[in-house]
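Trainee: Work out the full structure, taking the sequences as your base and the hints as a guide.
The opening position of the sequence shown corresponds to residue 6 in this note's numbering, with each subsequent residue numbered one higher.
For the record, the hints were derived by calculation from the structure and aren't laboratory data.
Check each hint, because a few of them may be wrong.
What the hints assert, rightly or not - With a cut-off of at most 30 Å between alpha-carbon atoms, the simulated BS3-like pairs for lysine-lysine come out as follows:
id, residue 1, residue 2
1, K409, K601
2, K573, K601
3, K409, K573
4, K198, K179
5, K694, K573
6, K256, K306
7, K601, K694
8, K670, K658
9, K409, K126
10, K198, K670
11, K573, K705
12, K573, K195
13, K658, K573
14, K198, K256
15, K601, K658
16, K694, K705
17, K670, K601
18, K256, K409
19, K179, K126
20, K705, K658
21, K573, K256
What the hints assert, rightly or not - So the derived label-pair ranges between C-beta atoms look like this:
id, residue 1, residue 2, range
22, Q610, A663, 17 to 25 Å
23, P156, I51, 48 to 56 Å
24, Q606, P156, 29 to 37 Å
25, I218, P85, 22 to 30 Å
26, D176, A663, 26 to 34 Å
27, I51, I218, 31 to 39 Å
Just so you know, even glycine gets a beta-carbon here, dropped at the ideal spot from N, CA and C.
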Amino acid sequence: MKIWPGTAFPLGATYDGAGTNFSVFSEVATRVEICLFDDNGNQTAIDLPEMTAFCWHGYLPNVGPGQRYGYRVHGPWDPPSGHRCNPAKLLLDPYGKAVDGQVQWNEAVFPYYFADPERSKNDLDSAPFMPKSVVINPYFGWGNDHHPRTPWHDTIIYELHVKGFTRLHPDVPKPLRGTYAGLAHPAAIKHLKTLGVTAVELLPVHQFIQDSILLDRGLRNYWGYNSIGYLAPHNEYSSGGQAGQQVQEFKQMVRTLHERGIEVILDVVYNHTAEGNHLGPVLSMKGIDNAAYYRLVDRQKQYYMDYTGTGNSLNMRHPHVLQLIMDSLRFWHLEMHVDGFRFDLAATLARELHDVDRLSAFFDIIQQDPVISQVKLIAEPWDVGEGGYQVGNFPPLWSEWNGKYRDTVRDYWRGTDRTLGEFANRLTGSSDLYALTGRRPHASLNFITAHDGFTLSDLVSYNDKHNEANGENGQDGANNNRSWNCGEEGPTDREDINILRARQQRNFLATLMLSIGVPMIAGGDEIGRTQGGNNNAYCQDNEISWYDWEHADHALLAFVSRIVQFRKRHDIFQRRRWFVGRPLHGENVSDVGWFKTDGEQMTDQDWQSGFARSLGVFLNGSAIPTPDSHGEPIVDDSFYLLFNAHYEPLTFKLPTGAWGDRWVKVIDTSHPIPDLREGAELHAGDDIKLPSHSMVVLRKVA
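Mentor: Shown next as structure tokens:
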């Protein structure tokens with residue numbers, strides 16, 4: 006087969022309508038073969054004829070979409086120096102845009118023989134056991150698709166799993182359940198619109214592998230945090246096939262969600278790959294240029310630095326690794342039309358040498374990129390390395406999963422000794438974490454639960470994790486999920502316990518929706534999804550993790566939908582600037598006020614007094630500042646939020662003076678479904694009784 010020199014860029018396989026250009030980076034290679042495979046697995050190997058700037062490239066006429074391929078890289082085999090080239094290993098294209106098949110766990114895919122893992126070199130051909138990269142058709146009819154560009158302050162995120170969301174959905178046709186097409190089905194979108202969310206955050210959809218250790222236990226990699234292809238949508242979520250159809254189907258899904266005003270955010274895993282440590286398989290980058298792609302141990306380069314707990318960490322100091330990540334981000338935004346990214350274990354991306362560096366090269370590149378700097382950027386601001394907990398320390402463009410919000414709100418509602426001052430900070434946007442770095446309240450992405458940990462239903466139902474099905478003797482998963490414990494003070498009657506558990510779910514969700522910042526709902530929490538107490542269901546691709554639509558809690562769904570709509574109707578809960586604690590724009594009361602149960606304002610001594618379970622919060626909607634300080638203020642209703650985390654009812658006295666003369670109740674979490682029709686008027690100085698573990702919202706009558 007004739008091959009032409011082609012071009013070094015773009016990297017990957019690029020079809021132009023007449024043929025395909027192939028290009029792969031390897032600084033260490035001495036020779037690179039492109040291997041083409043037919044439907045029967047027969048291989049045709051051709052040397053790439055040119056190398057430009059360490060990119061090996063060639064152009065094959067008449068090769069087009071659907072063609073399966075891989076690389077074989079010739080070069081040094083010298084693990085102590087960090088080099089692991091071996092042409093016996095077929096390698097996936099790091100820039101491949103589609104992958105056909107999954108790894109078959111044969112000894113041939115490993116760099117060593119099992120009998121001698123530390124010293125041997127395995128020369129078995131891995132091609133029969135490897136998935137193949139696929140040339141895709143880049144053309145798609147986007148029509149008038151456009152990014153919804155929902156402002157951050159209006160954003161409500163729903164974290165979901167592409168497969169789990171529709172796998173058991175009775176109104177989605179069976180062939181589409183658990184696929185990109187299933188998520189785009191009208192029944193799935195109807196639920197999202199009923200709930201009122203503005204964006205879906207998809208658990209990883211970059212191509213990932215099924216780990217051998219899980220398959221041996223009869224389990225599967227459900228969450229997908231094991232990427233091996235940063236430009237390829239995961240093939241198992243395609244209803245139409247794996248020879249490039251997954252790309253078309255993903256684009257169709259995005260276009261359909263955009264038509265309904267829903268943004269698509271991807272959970273991306275650029276901190277490590279599925280190739281693991283020195284005992285892991287050779288699937289792609291490890292065999293292409295190991296020392297360039299991975300962080301290796303100084304003076305022991307046969308071993309890998311591991312800041313992620315997965316065996317390896319990508320080498321963010323290398324320009325081609327940075328290029329790969331940036332090219333991936335731009336591809337998903339420009340070609341696949343996604344609207345933003347949530348970066349898994351993002352602190353790892355900031356590690357220049359050893360310490361986490363907020364001004365690392367990765368963040369510099371993001372900052373100056375004219376495309377990616379304009380999309381939604383969310384950091385999971387920690388990793389497992391030393392100094393890896395970095396909540397509040399990311400640059401101004403970034404929003405962060407606010408782990409301190411999660412912990413504080415959980416502790417408050419379960420009655421744990423957590424100061425009211427910290428609860429107040431979390432409720433009003435966590436200015437103590439973000440204001441001093443030039444960020445706005447949307448920097449705080451607030452959440453109570455996420456994929457990692459208990460579901461909300463389990464959070465209020467279990468005191469201990471139940472991960473027996475994972476086969477790890479209960480050693481996996483966090484030991485302290487800050488679950489709700491009835492304790493000695495709580496009810497003992499089963500019916501009362503169930504009532505209180507349901508109320509606690511409403512308390513958590515109402516607090517989340519009425520906090521300043523960007524709320525994120527963990528998929529299924531709104532319908533009472535349970536994992537039976539499993540707080541680490543990463544390997545449970547089954548009914549433990551899939552959304553149980555048959556037993557959905559419709560009352561809870563109605564509650565959440567109404568609270569979401571309530572938030573969206575009131576600018577006071579979607580503030581774009583911080584509270585300042587003093588009167589603004591000629592007002593005679595502060596923009597926020599804090600009160601005790603007797604209706605008197607909190608004093609410095611009260612804030613310092615330690616543990617308390619009750620609080621009144623006044624939010625002044627009369628003069629909400631706009632981002633442009635020179636603009637007219639936004640006018641909204643004012644509200645009084647009352648919190649009672651005690652095991653007993655509490656009576657609150659409404660404040661007197663200029664805070665408000667007349668009030669009406671608009672939300673009461675002691676009721677299963679909020680009746681947003683307003684009740685009887687209350688007046689300044691009146692008493693209002695809150696049941697145990699409940700929250701009430703009053704609206705000021707003008």
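Trainee: Looking at the structure, which of the earlier hints fail to hold?
Mentor: Hints 6, 9, 18, 19 and 26 contradicted; others consistent.
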